Structures are given as C-alpha cells and as structure tokens.
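Could you put the whole structure together from the sequences, leaning on the hints where they help?
Chain order of the listed sequences is L and D.
All residue numbers for the first sequence refer to our numbering, where the first residue is 1 and numbers rise by one.
All residue numbers for the second sequence refer to our numbering, where the first residue is 1 and numbers rise by one.
To be clear, the hints were calculated from the coordinates, so they are not data collected in a lab.
No experiment lies behind these values; they were computed from the predicted model shown.
Quick reminder that beta carbons are idealized off the backbone N, C-alpha and C, glycines included.
Wrong hints could be hidden among the right ones.
To be verified - Keeping only pairs whose Cα atoms sit at most 27 Å apart, straight-line, the calculated DSS-like set for lysine-lysine is:
1. D:K170 x L:K65
2. L:K50 x D:K140
3. L:K25 x D:K151
4. D:K18 x D:K161
Stated by the list, open to error - From chain D, some residues computed to sit far from chain L (all C-beta separations above 10 Å):
5. L8
6. Q52
7. N66
8. G88
9. L139
10. R143
11. E153
12. E165
13. W221
14. E222
15. G228
16. G232
17. Y241
18. A264
19. R275
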Amino acid sequence: MTQCYVAPIIEIDRERCTTPFACKKCLQICPTAVFGVRETRQVRLEETDKFAPGSFRLRVAYRDKCSGCNRCVDVCPESALTVRMPEEVLE
Amino acid sequence: MCRMCDSLGGTAEQPWYKNPKNFSNRMYKLREPGKGPQMAAGGNAEPDAGDQRASPFAQAVEAKANGDADTFNKIISDMNARASLRPGCQVVPLHEVLDVLDLGMPVAAMQCICRKETRACEECSLKEYTGLGLGTGMLKWERWPERYRGKVEFLSSKQAKEFVEYWDKKGFMHMLMQEGGDFIGGMCNCDYPDCLPIRQRIDYGLTAQLLKSEYVCFVDWEKCNGCGDCLGRCDFNALKYEATMEKAHIDQFQCFGCGLCETACPRNAIEYRDRKKISGLARVW
Ligand code: SF4
Ligand code: SF4
Ligand code: SF4
Ligand code: SF4
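Dropping the structure here:
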C-alpha cells in the first residue's frame with residue numbers, strides 16, 4: 001500500500017502561459033519536476049515552432065509530488081501559476 | 001528468466017537483447033490497402049488529470065494527489081496486470097550496451113523525449129543528444145521532425161560506443177527500449193526524475209515499465225576503502241555510505257544492476273553477479 005498525502009492544487013492560466021517550451025522556467029526550477037510540456041499537435045514533415053502561441057502546452061503531470069514550495073509561482077514571468085492547498089486540508 | 005526473455009527469445013545464457021532478431025524490426029511491413037499513415041504516439045498534448053480522457057496513469061497520479069490511496073492502488077495494480085503481458089524497457093549495464101550496439105546498426109544519436117517533456121530540454125546537436133535510435137526504423141526519421149527535434153546524427157559503431165561511455169561518465173544509466181513489444185527501438189541514457197520509465201517505476205510502482213538488469217551489484221568490502229566516489233550515481237535509492245562499516249553499501253533488493261556505481265569506482269570494488277543465479281533475487285525484476 002502506498003501512502004498518499006493530499007497535494008496542493010496547481011492552476012495554469014493558459015491565456016498567460018502561451019509558449020511554455022520556449023519559456024520553460026517553471027519546468028526547470030521545480031525541485032520535484034511536477035510539470036510536463038508537449039507539442040499540441042505532431043505534424044508530419046514539420047518541426048513545431050516553440051514561439052508560436054499554443055504550439056506547446058504546459059500541464060501538471062505529477063501533482064502528487066508538489067510540496068507547495070511556490071518556486072514555480074515566483075519564477076513565472078507571466079504570473080500564470082497559482083498553487084494552493086485545498087481549504088478543507090488546511091482547517 | 002524474466003518476461004522479456006520468455007517472450008523475446010532469450011535463454012539462460014543469452015538475454016533477449018543479444019538475440020539479433022530483436023533488432024531486425026518490422027517497421028517496414030507494407031501498409032494494409034486502404035489504410036492511411038498513423039499518427040505517432042504522443043502526438044497530441046495529454047489531457048489534464050481529472051479530464052475524462054486522461055490516461056489511467058494520469059488518473060492514478062490524480063488519485064494519489066487527492067490522498068485517495070485505494071483508487072491509486074487499484075489503478076496501478078490493474079495497469080501492472082495488463083502490462084505483465086507486454087514487455088517494457090530493461091536496464092542494461094555499460095559493458096553489455098557496448099556488446100549489443102553493433103547488432104543495432106544503423107545507430108543514430110537523437111534528443112531524449114523524456115527530458116524534452118519533463119524539463120523542456122532542447123537537445124539540438126551531437127554535443128547535446130543523449131539518446132540512440134537503433135535499427136532500420138531510424139532511416140525514416142525525417143518523416144517526423146518533431147519527434148526527432150533538432151535532427152539526428154548517424155554514428156559509426158566506434159562513435160556510438162564513445163557516445164554511451166561519455167554519458168555513463170556523466171551519470172546516466174542505460175536502458176534498452178522495446179517499441180510496440182517486438183523489436184528494440186532505442187537505447188536511452190537516463191536519470192531520475194526526467195526519465196518517464198524510471199519515474200513510473202520508482203514513484204508509482206509500475207514495475208513492467210522498467211525491468212531491472214540481468215545483474216545485481218555487490219560491494220567487495222576487501223577492496224572498498226569507503227572513498228565515496230560511487231555515491232550519488234544511483235538513480236534507484238540502492239546505494240549509500242554505511243558509516244558503521246565505513247564502506248559503500250548496496251541494498252540488493254533496490255539495486256537495478258545498472259552498474260553506474262561500478263563504472264565510477266577507482267578500485268574495482270563493485271562486482272556484477274548474475275541475478276538469475278542468486279536464489280532470493282532470481283525473481284526480483
Ligand atoms: S514559467 Fe510561467 S510562462 Fe513560463 S512556462 Fe511556466 S507557467 Fe508558462
Ligand atoms: S510549488 Fe514547488 S513543488 Fe509545487 S510545482 Fe511549484 S515548484 Fe514544484
Ligand atoms: S547500486 Fe549501483 S548498480 Fe545498483 S542500481 Fe544503484 S548505481 Fe546501479
Ligand atoms: S567508489 Fe569504490 S572504493 Fe570508493 S566507496 Fe565506492 S565502492 Fe568503495
């Protein structure tokens with residue numbers, strides 16, 4: 001049996017985070033590598049332009065590993081991230 | 001014998017990855033009439049966890065993050081039961097990688113897609129590439145430039161060996177990748193936490209994603225002087241300094257037999273033992 005702890009909720013504002021593969025700040029600063037990034041579409045004979053808005057998409061891939069340290073929130077130049085513990089846990 | 005050898009023509013003397021048949025892949029079979037080209041795996045962004053279309057793995061991670069151990073354990077054990085019919089990747093120590101590279105020609109250096117996904121690393125030239133694509137399938141890499149971002153570089157047998165030795169020194173362990181279960185598609189140089197198979201096994205208990213190597217490593221305490229050069233090389237939480245004995249310590253059940261500690265030891269104090277010949281470890285894959 002694996003021990004499971006409730007982890008913080010991480011929200012990504014994708015209106016603000018549009019080119020995550022070019023920016024990559026949160027992806028590289030997170031101590032436990034919680035985030036993941038992929039191209040939204042893989043097109044035959046074409047390499048995806050990482051500067052084209054929406055061509056890559058950031059996602060929370062391993063939320064169970066988030067400690068709530070907030071380093072990603074602090075590093076994000078677009079203020080696109082929020083990290084918060086669900087209130088019922090804090091009470 | 002592990003499941004890989006059962007299904008892929010390995011024997012007690014020769015593991016599956018030394019059987020040349022597994023490198024002569026079937027990627028060039030003719031397409032069935034009327035069938036169009038297939039989308040490459042991972043072509044579309046994965047839906048967020050919580051989305052109904054999320055993969056079982058993403059749902060397991062979400063359950064874990066919600067503190068729901070029952071759901072988490074159920075999904076993982078279902079995934080393990082399904083995957084047990086189908087081989088995944090296997091750890092292979094440096095000396096055996098060097099043996100099998102010739103079987104996998106043509107060999108091309110390429111970006112690692114796990115590092116691309118987890119740390120947004122961009123490997124765009126031979127100096128940066130960390131992966132090797134093996135076999136004739138590599139000859140059609142140009143169809144999918146996104147999959148092979150920054151192109152690929154075909155290597156001679158000698159260059160390929162130097163390539164793997166270089167990354168071994170840097171601290172990446174090696175694994176052979178089964179693609180689709182019937183041929184060896186790649187040789188990766190990996191570490192935790194960016195490598196998806198290592199992570200899925202270590203953090204989530206998906207055993208079939210990554211099998212241990214045919215070996216397990218032991219420290220010869222006559223030769224080890226406790227210098228600590230090997231420490232920090234292990235991706236599997238198997239290696240530590242045992243202060244009581246003033247020697248390096250390997251947990252036999254945690255050890256994946258990757259040999260990274262062995263290649264770092266200046267005193268040859270670490271030895272490989274055949275996992276299949278040690279009664280308590282022969283079934284620990
Ligand atoms: S740091 Fe902010 S803008 Fe940059 S990839 Fe992360 S969320 Fe997007
Ligand atoms: S809060 Fe810390 S642990 Fe959580 S995602 Fe951000 S950087 Fe990673
Ligand atoms: S103890 Fe050595 S051989 Fe075993 S997994 Fe760790 S680094 Fe690899
Ligand atoms: S590098 Fe070799 S001699 Fe040094 S602690 Fe490790 S096993 Fe012992």
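For this session: Could you check the structure against the hints above and give me the numbers of any it violates, in ascending order?
Result: Hints 7, 10 contradicted; others consistent.
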